Amino acid sequence: MTNQTYRTDSLIAEDIDAYLQAHQHKTMLRFITCGSVDDGKSTLIGRLLYDSKMIFEDQLASLEADSKKLGTQGGNIDFALLVDGLAAEREQGITIDVAYRFFATEKRKFIVADTPGHEQYTRNMVTGASTADLAVILIDARKGVLTQTRRHSYLVHLLGIRHVVLAVNKMDLVGYDEAVFQAIVADYRSFADSIGISDFTAIPISGLAGDNITSTSLQTPWYQGPTLLAHLEQVPLNSTAAQTAPFRMAVQWVNRPNLDFRGFAGLVASGTLRPGDAVRVLPSGKTSKVARIVALGGDKAMAVAGESITLTLTDEIDCSRGQVIVAAQSPLEVADQFETTIVWMDDTEMVPGRAYWLKIGAQTVSATVQAPKYEVNVNTQEHLATKTLDLNAIGVANITTDRDIPFAPYAENSDLGGFILIDKITNRTVAAGMIHFALRRAQNIHWQATEISREDHAAMKNQKPCVLWLTGLSGSGKSTIANVLERKLARMNRHTFLLDGDNVRHGLNKDLGFTEADRVENIRRVGEVAKLMTDAGLIVITAFISPFRSERDMVRAMMQPGEFLEVFVDTPLEHAEARDVKGLYAKARAGVLKNFTGIDSPYEAPEQAEIRIDTTQTTPEQAADMIIARLIP
Amino acid sequence: MTEAPLTHLQRLEAESIHVLREVVAEAENPVMLYSVGKDSAVMLHLARKAFYPAPPPFPLLHVDTTWKFQDMYALRDRAAADAGMQLIVHQNPQALEQGINPFDHGPLHTDMWKTEGLKQALDLHGFDMAFGGARRDEEKSRAKERVFSFRSANHRWDPKNQRPELWRLYNARKAKGESVRVFPISNWTELDIWQYIHLEGIQIVPLYFAAPRPTVTRDGMLLMVDDDRFPLRPGEVPEMRSIRFRTLGCYPLTGAVESQASTLPQVIQEMLLTTTSERQGRAIDHDQAASMEKKKQDGYF
Chain A
1 MTNQTYRTDS
11 LIAEDIDAYL
21 QAHQHKTMLR
31 FITCGSVDDG
41 KSTLIGRLLY
51 DSKMIFEDQL
61 ASLEADSKKL
71 GTQGGNIDFA
81 LLVDGLAAER
91 EQGITIDVAY
101 RFFATEKRKF
111 IVADTPGHEQ
121 YTRNMVTGAS
131 TADLAVILID
141 ARKGVLTQTR
151 RHSYLVHLLG
161 IRHVVLAVNK
171 MDLVGYDEAV
181 FQAIVADYRS
191 FADSIGISDF
201 TAIPISGLAG
211 DNITSTSLQT
221 PWYQGPTLLA
231 HLEQVPLNST
241 AAQTAPFRMA
251 VQWVNRPNLD
261 FRGFAGLVAS
271 GTLRPGDAVR
281 VLPSGKTSKV
291 ARIVALGGDK
301 AMAVAGESIT
311 LTLTDEIDCS
321 RGQVIVAAQS
331 PLEVADQFET
341 TIVWMDDTEM
351 VPGRAYWLKI
361 GAQTVSATVQ
371 APKYEVNVNT
381 QEHLATKTLD
391 LNAIGVANIT
401 TDRDIPFAPY
411 AENSDLGGFI
421 LIDKITNRTV
431 AAGMIHFALR
441 RAQNIHWQAT
451 EISREDHAAM
461 KNQKPCVLWL
471 TGLSGSGKST
481 IANVLERKLA
491 RMNRHTFLLD
501 GDNVRHGLNK
511 DLGFTEADRV
521 ENIRRVGEVA
531 KLMTDAGLIV
541 ITAFISPFRS
551 ERDMVRAMMQ
561 PGEFLEVFVD
571 TPLEHAEARD
581 VKGLYAKARA
591 GVLKNFTGID
601 SPYEAPEQAE
611 IRIDTTQTTP
621 EQAADMIIAR
631 LIP
Chain B
1001 MTEAPLTHLQ
1011 RLEAESIHVL
1021 REVVAEAENP
1031 VMLYSVGKDS
1041 AVMLHLARKA
1051 FYPAPPPFPL
1061 LHVDTTWKFQ
1071 DMYALRDRAA
1081 ADAGMQLIVH
1091 QNPQALEQGI
1101 NPFDHGPLHT
1111 DMWKTEGLKQ
1121 ALDLHGFDMA
1131 FGGARRDEEK
1141 SRAKERVFSF
1151 RSANHRWDPK
1161 NQRPELWRLY
1171 NARKAKGESV
1181 RVFPISNWTE
1191 LDIWQYIHLE
1201 GIQIVPLYFA
1211 APRPTVTRDG
1221 MLLMVDDDRF
1231 PLRPGEVPEM
1241 RSIRFRTLGC
1251 YPLTGAVESQ
1261 ASTLPQVIQE
1271 MLLTTTSERQ
1281 GRAIDHDQAA
1291 SMEKKKQDGY
1301 F
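Heads up: the sequence lines are chains A and B, in that order.
Residue 539 in the numbering used here sits at position 539 of the first sequence; the count goes up by one each step and never skips.
Residue 1036 in the numbering used here sits at position 36 of the second sequence; the count goes up by one each step and never skips.
Extracted from the complex, chain B is given alone in its bound form (with noise of 0.2 Å):
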């Protein structure tokens, strides 16, 4: 048994615990931010791992936008009351009193809900270091992502004043105002956060596998009905396909892919098999080339 190497997800998980402590270690009022997609799923395992038996020790935060699957909101109760976490739901006040929503509002949907909302609730509870679930591979401008990543005082981003990464070494030291926002599972791929999963046994929402669900096709997207505040335009009728979802966010942004795949292993099988990169599914990077930096730039994840 002696000097067996460890195997990928062996690596890749002491990483992630290793950033995840060490954020505790410095921070003051850490927090983690759970979008309830599968990478989250990942992430919140590997702090449960981290900070055993205790439970870990900050609130998860859920920018809600309102929009999100309802399979998504029962799954989000479920796994916080598990981990024994407090679960902090923000709104943005503002969004929800003007009823922004994607179908009328375009790119003001999300910069309302999740930019806005996002830097609403981290000043409101005066969280100065925000896990993340962003990964390198899932776009090429992530590639060059830093693990702890600076935001002034009002949550800018500025790329020139980011910081060499060394060995294990994490500078989290900051002024008053600053905050950084972590992200523990930036080595890992798509790939790799499926066969922890399976190999784990995490809980994930049911939408990752094929079933029978109404939809839409609509601007070359697969949409699925998930409630009556989907407006049909004339002529569309939703029609029961088997599909899956291969990334989770609002569901009318969200692209599904016909499929039979409803196991974990079937999942896996699909993905190794299929040609279209994951991001391809979300409406949100089609908007401009490349659209996330400028996201970030705002503030947005």
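Chain A on its own, in the form it takes in the complex (with noise of 0.2 Å):
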């Protein structure tokens, strides 16, 4: 066995009860590792979790043959081999974005976030270091600092690691030059400072040889700084600075057991709590005091950031979960408009305009997604002209979010000022967000109240209003069953208007085109349209090719329950194709007509429509009279 420098503790030997006394009181980092393969990455980590005696004998066992059959360290020990086996992996298509491993040392417990892979690197990167409080970024000596360098520079700023170590490995390739050491720190300095990391500490190592990472290198002696181990073990932890600032925790439970008992339960996000200390419940605003902080085997003096509790009020006022609890005499601000960085995690590109689920603490709201601002190149950090952000891109965009969210800057409280957007089909995770700053427009608009309620409208027209979405491929005969149905329903003394694709797109929306985000915003504005025309009372009769399922639940969201009524007008490809009343088929094959429904543009039937109209097997007439079968009982 070579390099055995197991640190056993002789206390574990002479005085068990010492030893556990002492290992209560570790604290706890999380930090991640930046760097590919090639610059030793895995060595490194291999060579703290075997330093760290994480590794057992017949791990060991394994190992040594291993290194032995591949050769790659000349029969000595390749620490690499703890850590990989990802390369097997991805060749399996298994997706990983983080490993996390573990060690301990006498003062502290680590689980180090290992980001493997190169196309995917922005995704995981981000994923591993959004709960780190530290980021290693490794350079090879032998190169300085690259691109790369750059990149992972880059995405540990943008995710608010506030401690950064230069790892410079492979000192042992260059001599131990001291020179050498220097120049790269120079020169990461001067890059550090154009993308605002203020600070950070370098250490020359070498993972392989085992340099300055567990104990000061002989071969260094112009380096008079920490080890690395010795500087993960004394760096300040971010759970301890959140301590300071006022107190905040979203609710995640009402925890109910019977009549006598209310109490909220979260983890706090920053600050300390007592019982008697005064709160606010946002958004609402109610005020009250904190009665007790209840826990398993008696109630606690005091609560800090950190830890996850349950606590009662001494006032019964409304709080659910999502609801945030402050300190009553710094509250946070409430918004639903924010300028975000995003970084899009999904194959399906971001679609400006559809709606997302946005989860935030421990609320999950209805949340638009605006074209974004710019794109970030990750590499040079430019600003990037776009429409829109796919796969592994960073933008700053706007979002509105369907109510108001108590928030902080991502940059005060990642609890409170980090998010991910949800897709309402697939139910994926497609995008990670930051808040940067409520736009204060949300707040300058305000409602205006009208005397004459929507109530008051329909009561007026003697019915009730809704709208009746006709949705299905072009040529299946929407616009054709809409007017059927109108005069009909006209007939009937009710009072209608008809939305009709084509007319809405001679004014309203002649600005919009065909691709993906225009049908979005073109559905957006006409349920907007329509919302209107049923706060004045009237039934709204639509006819739009609709193809997206999101935009179609989007509307349905907006209307009052039970308001929205979707009608399928199911027609077979084939059959509007033979059709085609329009030519458009015709055109749409021909290649003239780009992002044609049904021929390049795909159109998502719907799933639970509240009447499906089979055009094979019905006449218009007959298709009229189902509806309005349905609409009047």
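Calculated directly from the structure, the hints in this document are not laboratory data.
All of these numbers come straight from a predicted model, not from anything done at the bench.
Incorrect hints may have been included.
To be verified - Under the rule of at most 30 Å between Cα atoms (straight-line distance), these lysine-lysine pairs were calculated in the DSS-like manner:
| no. | chain 1 | residue 1 | chain 2 | residue 2 |
| --- | --- | --- | --- | --- |
| 1 | B | K1174 | A | K424 |
| 2 | A | K424 | A | K373 |
| 3 | B | K1049 | A | K107 |
| 4 | B | K1049 | B | K1119 |
With the hints in hand, could you dock these two chains into one complex?
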């Protein structure tokens, strides 16, 4: 066995009780290592695990066997083999965003986020960095600051990691030359300054030879700083710093075992809390005082940032999951429009204007993302013009939520300013985001309360307003059915209005084309108009292809419950194409017309339409009667 | 007292409780898989803390193989009662009927009792989210495991369809029929588990402590003869040895270690001075390389 540097604490054998006592006071540091396999990242992590005795004999035996078999280190142990094995998994098509490794010293437990992969690097690294207190940026001493060093540093800074270690690795291969080290540090400093990293700790190391990892190297007498491990053991923790900020806690769950107890459970995002403290519930703004901090085994006298607690209030006030309890004297901002940085993580690109679920803290709201102001080139940090964001792209965009949410800028608190976006149909996590600030515009446009209510409008017309949303392929017969339907309703003295796809595109939406993004905006505007018309008490009939499920669901969500009826005009593509009233299919087939639904753009059929009309079996007259039967039972 | 940093165990505890509450807030019908081992004991204790003064608002599910140690059955029933929780015990009826056992049926034993049994139980009760006590440090292939692991309607784990987990934000949304396995103690190590059991005084199965027990040595493993169903081979005579277990499963598949450690600090001491990894005592992992990976795709935990 070579390089045996186990640091077994002698207390373990001599006085286990004293050892346990001492080790109950360890703290925990989470960090991320950034670099490729070529930088010796796996070797470094393997070395940390090995030197802190996290490798058992059986694992060591197979490690030695594998090292000999592969012969990469001339018979010595190849530490990289301890943490690799990811290449094989990649071949099997398994997506790995982050692997987490664990080791501990006498002072701290460490969780290392190891992010493999090159193509998926941004997505993986952002995921790993989101929970890290510190980042180790690895540089190959022979190569210096590279494009990837800049990319890693940019992402580390973007995710708000305050502690950066510049580990200049492979010092053994440059003869432990101080000049090489200093030149790299100077080079990195000027770059770090330019992107806003104000401070970092540079350490000359060799993962392979073990220099300045756990023990001070004799090869670098010119270096007076700490070893990598010593630095990791003493760096201040974010969670401790968060204790000094004002109290904030998102309510995760309301604990109601019986009528006499109502507790609010959550993880304290910042600050400290004691019984008697005045608190405010956001967004409602109601105030109360903390009665108890309840815990199994007895109430607590105090709670601090990072703890999961249950508290009770002295007053019966409304407070549910997603709301945020804060120190009464220093409330959070509440808003519904934000400027954000978004990291796109899905294979399907972002669709500006589409509604996604936005999860922040303990609440999930509906949100739309506007077209990005710009995309950031992660390698050069240049701003690029773009209309959307695709996989691994990072951009700045405004987001509008469907209700007010309490928040803090991400730079202040990641728990209150970091969010994910979820696709409403696939349920995939498609993006991560960070709030910069609220847009004032939201607070300046007040809803004008009108004196004649929507109920008054509907009562005057003696009808229940609704939207009859006809969707289907081009040429399926939507407009024909819509016209017959409106005529029949008019005869029944119903007040209606027909919004037709082609007509709207001549006026309201004449600035829009047929790309996916424009189609989304087209439907959004029609939805808003239809909504105003239902407020006026009208029965609105719409005839739009509206090919995407998520937009139809978006419009459904705008309306009062029960006032949106989706009518699926179901015509097989062959039939619609055979009819081809407007000659559009022929043009699309000839390639003259792009993004034509059913040909080179998808149609997502409704899954739970209120009414389905099979046009191969039904005449327009019968179809209109079916709809009326549903409307006026 | 202000600005005292939380200890690593306090942070791990807070993180696990956060996950437990998140699932209860978002699941329609959650359940906790309870294997009676030390990891399950810690997970159950965390659940009691998370929802106190209410009892944990979900049942415990034990997917039984009928081949667990007798001591495990005893603790299982007591732990559920102490927590004020409903205990559901599921035994795969086909495995029961065919008399599937670890001596005659090899890998089929685990497949039918555990993998199939678990799927049956989840389907039978319509559970959509199930807590499990797996940890990332148990094995190299688990290091990349997510806290929320998504399964298709037929319980398949699709490696391409897992979600990134950022900050403390878990996306628990799923389509009808899909389910999620959730691992609240992902970031705990074996040492963390032992320290926490010590600190919190959590009850665990006595088999974790050394005592004289009847044993035979077979295929390099030290096995305990826990009941008279153990078929002795010609020449095999059970021998009393002072042994304990580092992990617990079906008794014919779980290797013991010779030990004198009869108290918790002694067990931790031995663990810290020991030189073999925890899972080595389990026959199940030796079957083939990357065997956990394969089992997971099949729907085993």
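Against the structure, the hints:
1. B:K1174 / A:K424: 10 Å, holds
2. A:K424 / A:K373: 24 Å, holds
3. B:K1049 / A:K107: Roughly 27 Å between the alpha carbons, so the hint for B:K1049 and A:K107 holds.
4. B:K1049 / B:K1119: Roughly 28 Å between the alpha carbons, so the hint for B:K1049 and B:K1119 holds.
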